[in-house]
Amino acid sequence: MLGEADRTEGISPVIGMEVERGSTSTVESPTHETETHEKDELDIPWQVIVHNDPVNLMTYVTMVFQRVFGYPREKAERHMLEVHQNGRSILWCGVRERAEFYVQQLHGHLLLATLERVV
Amino acid sequence: MEIRRKGEALEISDLDPFLAELLRQIPGSANAEGQSEAEARLFTKPSAENEICAEWKSYVEPELRRLFHSATETVAEDLAQLNGNEKSFRNRTLAIPFEHADAWLNALNQARLVIVAKYKFSDEELNDHDRSPIGSRRDLGLFQVNFYGFIQEFILREMQNG
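Protein chains in written order, with this note's numbering: chain A, 1 to 119; chain B, 1 to 162.
Hints may contain errors.
The list that follows gives simulated cross-link-like pairs (lysine to any residue, SDA-like), each with its CA atoms no further than 25 Å apart [what the hints assert, rightly or not]:
1. LYS57/B with LYS75/A
2. LYS118/B with ILE151/B
3. LYS57/B with THR59/A
4. LYS45/B with GLY87/A
5. LYS45/B with GLU82/A
6. LYS75/A with ASP102/B
7. LYS75/A with GLY108/A
8. LYS118/B with GLY87/A
9. LYS45/B with PRO54/A
10. LYS45/B with GLN105/A
11. LYS45/B with GLN104/A
12. LYS6/B with MET159/B
13. LYS57/B with GLU82/A
14. LYS118/B with GLY34/B
15. LYS120/B with GLY108/A
16. LYS75/A with ARG157/B
17. LYS57/B with GLU97/A
18. LYS45/B with THR59/A
19. LYS75/A with LEU156/B
20. LYS118/B with LEU57/A
A few chain A residues facing chain B, derived, Cβ under 8 Å [claimed, not checked]:
21. PRO54
22. VAL55
23. ASN56
24. THR59
25. TYR60
26. MET63
27. VAL103
28. GLN104
29. GLN105
30. HIS107
31. GLY108
32. LEU110
33. LEU115
34. GLU116
35. VAL119
Some residues of chain B that are not near chain A, with every Cβ distance over 10 Å (derived) [what the hints assert, rightly or not]:
36. ARG24
37. PHE43
38. GLU63
Derived by calculation from the structure, the hints in this document are not laboratory data.
Cβ atoms here follow ideal geometry from the backbone N, Cα and C, with glycine treated the same way.
With the hints as extra help, turn the sequences into a complete structure.
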């Protein structure tokens with residue numbers, strides 16, 4: 001099974017900022033105005049999921065995981081077995097652009113892969 | 001039939017005409033044109049979200065089509081070694097340059113997926129490796145899927161051995 005570290009690799013959330021503005025010299029009694037600037041939508045992480053497929057060979061799937069994600073053989077095999085036994089495995093989690101890149105690579109190797117928002 | 005690594009190539013020797021013909025059919029078998037289910041399996045949806053799927057179809061799918069086509073073309077070129085002497089029933093030898101191993105894995109996978117989609121093989125059928133003899137076109141399709149899988153296993157083993 002995946003450990004927590006496996007699932008959060010590559011996440012880079014955008015954090016809201018708090019900006020303090022100073023007064024101008026024409027105002028006798030300076031006032032301080034605090035503005036909270038928060039990004040409307042946090043960069044929600046996306047998961048790369050591989051689904052079971054009775055055609056792709058287990059050794060082939062392991063090789064693809066090693067090649068696409070750079071995982072060591074043991075970790076790649078663990079994910080392959082998770083796909084085989086549980087029907088799916090979360091291979092990676094992080095920003096959308098990279099998740100799309102990984103899914104494209106997996107589709108290029110003809111694996112059943114999707115990206116999903118982390119809920 | 002014998003398969004072994006020979007220098008910078010994977011050599012399939014003592015290939016009887018029947019198996020040679022099955023190999024020759026790899027590029028044709030990988031062609032999903034006009035087969036909606038096979039097409040859907042080769043170009044699967046990347047997400048449940050429509051916006052992502054629409055972008056994917058426009059930008060990623062053409063790339064994937066080029067990749068798959070390139071792989072089957074490379075395999076077709078290698079298979080040209082089996083052409084000629086069409087009426088000869090002697091066994092053949094096929095040398096697959098090691099640098100083409102990825103293209104072979106890809107084309108074999110395409111062919112296996114298209115055949116499985118075409119005949120709608122069940123998981124039980126796909127796991128029944130002792131099924132014989134070949135009595136119909138469908139049985140031949142299952143034999144092809146298993147034979148191509150065997151070739152894939154060999155290529156993968158040799159890739160791991162470096």
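Verification of the supplied hints:
no., hint, verdict
1, LYS57/B with LYS75/A, "32 Å, violated"
2, LYS118/B with ILE151/B, "21 Å, holds"
3, LYS57/B with THR59/A, "29 Å, violated"
4, LYS45/B with GLY87/A, "17 Å, holds"
5, LYS45/B with GLU82/A, "21 Å, holds"
6, LYS75/A with ASP102/B, "22 Å, holds"
7, LYS75/A with GLY108/A, "21 Å, holds"
8, LYS118/B with GLY87/A, "23 Å, holds"
9, LYS45/B with PRO54/A, "18 Å, holds"
10, LYS45/B with GLN105/A, "14 Å, holds"
11, LYS45/B with GLN104/A, "11 Å, holds"
12, LYS6/B with MET159/B, "13 Å, holds"
13, LYS57/B with GLU82/A, "29 Å, violated"
14, LYS118/B with GLY34/B, "11 Å, holds"
15, LYS120/B with GLY108/A, "22 Å, holds"
16, LYS75/A with ARG157/B, "19 Å, holds"
17, LYS57/B with GLU97/A, "16 Å, holds"
18, LYS45/B with THR59/A, "24 Å, holds"
19, LYS75/A with LEU156/B, "18 Å, holds"
20, LYS118/B with LEU57/A, "19 Å, holds"
21, PRO54, "5 Å, holds"
22, VAL55, "5 Å, holds"
23, ASN56, "7 Å, holds"
24, THR59, "5 Å, holds"
25, TYR60, "6 Å, holds"
26, MET63, "6 Å, holds"
27, VAL103, "5 Å, holds"
28, GLN104, "5 Å, holds"
29, GLN105, "10 Å, violated"
30, HIS107, "6 Å, holds"
31, GLY108, "5 Å, holds"
32, LEU110, "5 Å, holds"
33, LEU115, "5 Å, holds"
34, GLU116, "7 Å, holds"
35, VAL119, "12 Å, violated"
36, ARG24, "21 Å, holds"
37, PHE43, "8 Å, violated"
38, GLU63, "7 Å, violated"
Comparing the model with each earlier hint shows violations of hints 1, 3, 13, 29, 35, 37 and 38; every other hint is respected.
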